[in-house]
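J.: Chain residues, written in single-letter form:
Protein chains: 6
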Amino acid sequence: MRFEIIEKEYMDLIIVKDFLKYTGKEIEPLWAFKNFNVQKDNIVAFRGKIEVDQEHMKDLKDVKREQHIKTPIRSDDSINFIVEHFDMIDLKTTYLRQRLLICIAKEIIERECNKKLKRDGDDLYYNNKKLSVSIACKGITSSKIHLGINVKSKGVEHVEIIGLEDLGVENIKEVMIKIALSYIDEINKIEKDIRKTLPI
Amino acid sequence: MRFEIIEKEYMDLIIVKDFLKYTGKEIEPLWAFKNFNVQKDNIVAFRGKIEVDQEHMKDLKDVKREQHIKTPIRSDDSINFIVEHFDMIDLKTTYLRQRLLICIAKEIIERECNKKLKRDGDDLYYNNKKLSVSIACKGITSSKIHLGINVKSKGVEHVEIIGLEDLGVENIKEVMIKIALSYIDEINKIEKDIRKTLPI
Amino acid sequence: MRFEIIEKEYMDLIIVKDFLKYTGKEIEPLWAFKNFNVQKDNIVAFRGKIEVDQEHMKDLKDVKREQHIKTPIRSDDSINFIVEHFDMIDLKTTYLRQRLLICIAKEIIERECNKKLKRDGDDLYYNNKKLSVSIACKGITSSKIHLGINVKSKGVEHVEIIGLEDLGVENIKEVMIKIALSYIDEINKIEKDIRKTLPI
Amino acid sequence: MRFEIIEKEYMDLIIVKDFLKYTGKEIEPLWAFKNFNVQKDNIVAFRGKIEVDQEHMKDLKDVKREQHIKTPIRSDDSINFIVEHFDMIDLKTTYLRQRLLICIAKEIIERECNKKLKRDGDDLYYNNKKLSVSIACKGITSSKIHLGINVKSKGVEHVEIIGLEDLGVENIKEVMIKIALSYIDEINKIEKDIRKTLPI
Amino acid sequence: MRFEIIEKEYMDLIIVKDFLKYTGKEIEPLWAFKNFNVQKDNIVAFRGKIEVDQEHMKDLKDVKREQHIKTPIRSDDSINFIVEHFDMIDLKTTYLRQRLLICIAKEIIERECNKKLKRDGDDLYYNNKKLSVSIACKGITSSKIHLGINVKSKGVEHVEIIGLEDLGVENIKEVMIKIALSYIDEINKIEKDIRKTLPI
Amino acid sequence: MRFEIIEKEYMDLIIVKDFLKYTGKEIEPLWAFKNFNVQKDNIVAFRGKIEVDQEHMKDLKDVKREQHIKTPIRSDDSINFIVEHFDMIDLKTTYLRQRLLICIAKEIIERECNKKLKRDGDDLYYNNKKLSVSIACKGITSSKIHLGINVKSKGVEHVEIIGLEDLGVENIKEVMIKIALSYIDEINKIEKDIRKTLPI
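Chains as they are written, first to last, in the UniProt record's numbering: chain L, 1 to 200; chain X, 1 to 200; chain B, 1 to 200; chain G, 1 to 200; chain U, 1 to 200; chain A, 1 to 200.
Simulated from the structure, these hints should not be mistaken for lab results. Treat the hints with caution; some may be incorrect.
Unchecked claim - Quick partial rundown of chain L residues pointing at chain A, CB under 7 Å, derived from the structure:
id	residue
1	GLN39
2	LYS192
3	LYS196
As the list claims (entries may be wrong) - When the alpha-carbon atoms are kept at most 27 Å apart in a straight line, the in silico BS3-like pairs for lysine-lysine are as follows:
id	chain 1	residue 1	chain 2	residue 2
4	G	LYS8	U	LYS192
5	B	LYS17	X	LYS192
6	B	LYS129	G	LYS189
7	U	LYS130	U	LYS118
Quick caveat, the model's predicted, so the values are computed rather than measured. All C-beta atoms, glycine included, are put in the ideal place defined by N, C-alpha and C.
Please construct the entire structure, taking both the sequences and the accompanying hints into account.
T.: Shown next as structure tokens:
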């Protein structure tokens, strides 16, 4: 797998240059260390299919609702972000960070396509069509987030989806990198904010 | 002070019905319990002036930069949100929640006025004019957030500001309540998300 | 399985209406979500047999002591409580909560039968006969407690046990619900107490 | 001040031999180290008056309700327990420990006087008369609990109280020591329980 | 297995009297409770071979680098320390404690052989030859450290090692016990330090 | 005050170029941000006198023992290190880091002067003469460590001290910088270690 690492204060960005399928196994702890040798909090960004089987799903609500579907989480073409943090690994913080990542993705996509998206918790919509899938998880020594944003509106049958191309986003790779870098900037800025604030 | 309490799962919303000045003292722990008798995580929403003196500022960076100004944080008319959480009180979580509150405020204001705002960390801008002020803080038993959004563009001299009225927002009070309720919804939804996710 | 859900501030009570055997598998994380769809801290109360095999025991001390017994934890008829918390999941807090649950059960049973029980850590006794079994556990994203209180004194051979019926408790189901509700009240009251106390 | 120290695994017991007034200042962090030189989690047990002025009260709810009373928390004669923990200092754990201390006190007093008390959160009652006062607090490096149990029913005007002597408890000092030792035993036992339990 | 337990304030020392091979399975949670019945934070000290297969290695960096070697971590004869803490189990604290254990081992060995060792993170060297192996790990309810110090310089091929005997250390067992006891003393002293320090 | 900032992964080093007196006020939170504008975990290194009055002492044990001495902590000439961490601020972690800083200082000084020092907890000695003073503290949003190492053996009367010059250390400033940089390296290495270790 060809990739590039961009080092930033508290996090590394790994941009995967080949197409890579998201199968749900990538959410496991230390996946980024195993594949890209990073020993820092990190976000891996890549483009490819999404095909998550029941057994790799972490959202028990989805598992229940879609138990009759073999591969409930799918996308023919998507940009994916896999975040791993080791500093605070409780699930609440991780879901807060997930929301922030999704807000950032929304801000960047809206600017890019000049359309207004709707965010509902960890889902992005345009005209009631689903643009994204996401989960936040906790392991014993780290926490992880996956965010997948459809590029094309194909590959899913049980929900109506939309893709970045339908929205008129042209430079998919550039948008992918912008989202990842903005998330890192936000995390770094928060680290700075913590170190300038008086207690009450 | 006249106020109304709306109880929601993990948080209460207190809507203050009179004008109330934000002076920086409201950021102190248990201010909401003292004034509104709430014994739950909460968000207090009110409209009024902002006048924070040097001695009540918690952002040491601002204190340094604006030490020659007696009342550096000002607004003639603003909507204010004071959040207090007791569940996770570390400063990192608190700043993450602050960012989320600001993303939510941005989403709601944009929908209301059909204009595109810019968020930079914990600041909202329109056309490079500052729309908001915010701080996140930690005490011994709780954490607090203040977010103030200008209604009018008066009352500040050392930075160029803009207000909701300049953006064409008409129903100020309604927007204020929507922001507060959306924040509570988000927090409640995260609590639910935590309780449906498998570990990795 | 027929059940009823009673929603209370920070916790839900699930009352199972059918007899249900406690086998030790119910202590696994998210068991209540899988079976009753609750996405809140919760206590599940039900009546039935207890039969825990070696492989589902979490108390290594018991495992050691009773390794020659295939099903060391047994009761022919018991009321059972399964608590799951997601807010603070460390084992120390969980054992403190277990003790509190047992103190509450003791208070309610004593009032009901007008007899004096003896508590020794997480065990209840009457006349040196064992009335209860209990364990507290920690997973990656939640902590759990099981408390089983014998209704009848049958089903166990290696220790002398006693049951609620031997003590003269008549309305077993009512007592079961009272214990669960009192535990929830206590937890809710502590949440309130946290939000009224000045730091030192 | 004359005192005796009894060292137990994770906690020390300090028995003060002279009468000592509880004024609310004793709740401050490291009070036991300053006075008795203990460098361990500890419980100090002593007999004496209770006279807590408004300014030393930590329960803001009481402060509000009794703001017209100069010394709202009073007792002419009481046994007092001051607990300090440094291992887990969050307020939730501290309130759980407070409840446990009160359950233990209740169990011991009931056995001693052969009467049935009523516990409501952190209050003990007999025939609707208040037997105890209590608070749990958090500082920056430790958490503290105060529990005062009336010996006599004098010294308070605004609530009806009862004392251990009214209940027929004879050996006040012995009961005081029993309660403190039982609390320590419980804490030590929980420490042991944590170290025998398999994860889920 | 013959062993001796020495009880110290917050930790127990278990000295294993027979030779015991370190295979990597000993790093699993509650190993000391299973084998020596200790229900306290503890350090187990023993002498024996080290033979850790790929599957029992916890250092993913080593796993990657030495994936062609079946048993990458080896020593023909070594003194071993296995530490288990239940009080603070996050990995950062555990690595800090590991460093402290290694600093203590270094201090004691240097005094014993009157030679100057070099420490690089969690490795000890003499003349660029490796004297030790170590890892720190986190489970769901406890954290563990393994430190192995070569007695002889045999048994390893892919790195140049040195042993205590090469350094002229004579009383191997005494040194082993000294290191373990000094670690316990340090941990106990820190517990005392925490209980004498004013907040800032 | 003239100073230089050296930025390293997770920490900044601030080298103060002028002589600076350590008075105990420097241990207060955010002192480094106020003076050197750093918004990162950091270590400030400087040379100068030490004169800490009773009122600025954080070690209550020293306060008790030396209450008759107006300025108990003194040194005519010393190198000083002030560490501030915001990532994990509990006192236990802070004392572990303090010990590590002292072990590192010992290693570097020993190498420099080719003499063997003795460490007892957080004190360094040579021939039973005290070389250093140190404290670790916790605030609401950060934790701090001070380590002072005498350069000269003057300025103290109530204990026998020794200084780096007595030990033959020549390049005092270089040693000071080496100690600070080694501490930062160790902290950075631990951050890396956390991100390569499999759970148990």
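J.: All hints, please: hold or fail.
T.: For each hint, the structure was consulted:
The beta carbon of L:GLN39 is positioned within 7 Å of a beta carbon in chain A (closest approach about 4 Å), and the interface hint is therefore held. Given the 7 Å rule on beta carbons, the hint for L:LYS192 holds: about 4 Å separates it from the nearest Cβ of chain A. Checking L:LYS196 against chain A: minimum C-beta separation of about 6 Å stays under 7 Å; hint holds. For the hint pairing G:LYS8 with U:LYS192, the CA-to-CA distance comes to about 15 Å; that is within 27 Å, so the pair holds.
The suggested pairing of B:LYS17 with X:LYS192 holds, with an alpha-carbon distance near 25 Å, which does not exceed 27 Å. This hinted pair checks out: B:LYS129 and G:LYS189 have alpha carbons roughly 21 Å apart, not beyond 27 Å. The hinted pair formed by U:LYS130 and U:LYS118 meets the criterion: a straight-line CA distance of about 10 Å does not exceed 27 Å.
Every hint, counting from the list given before, is met by this structure.
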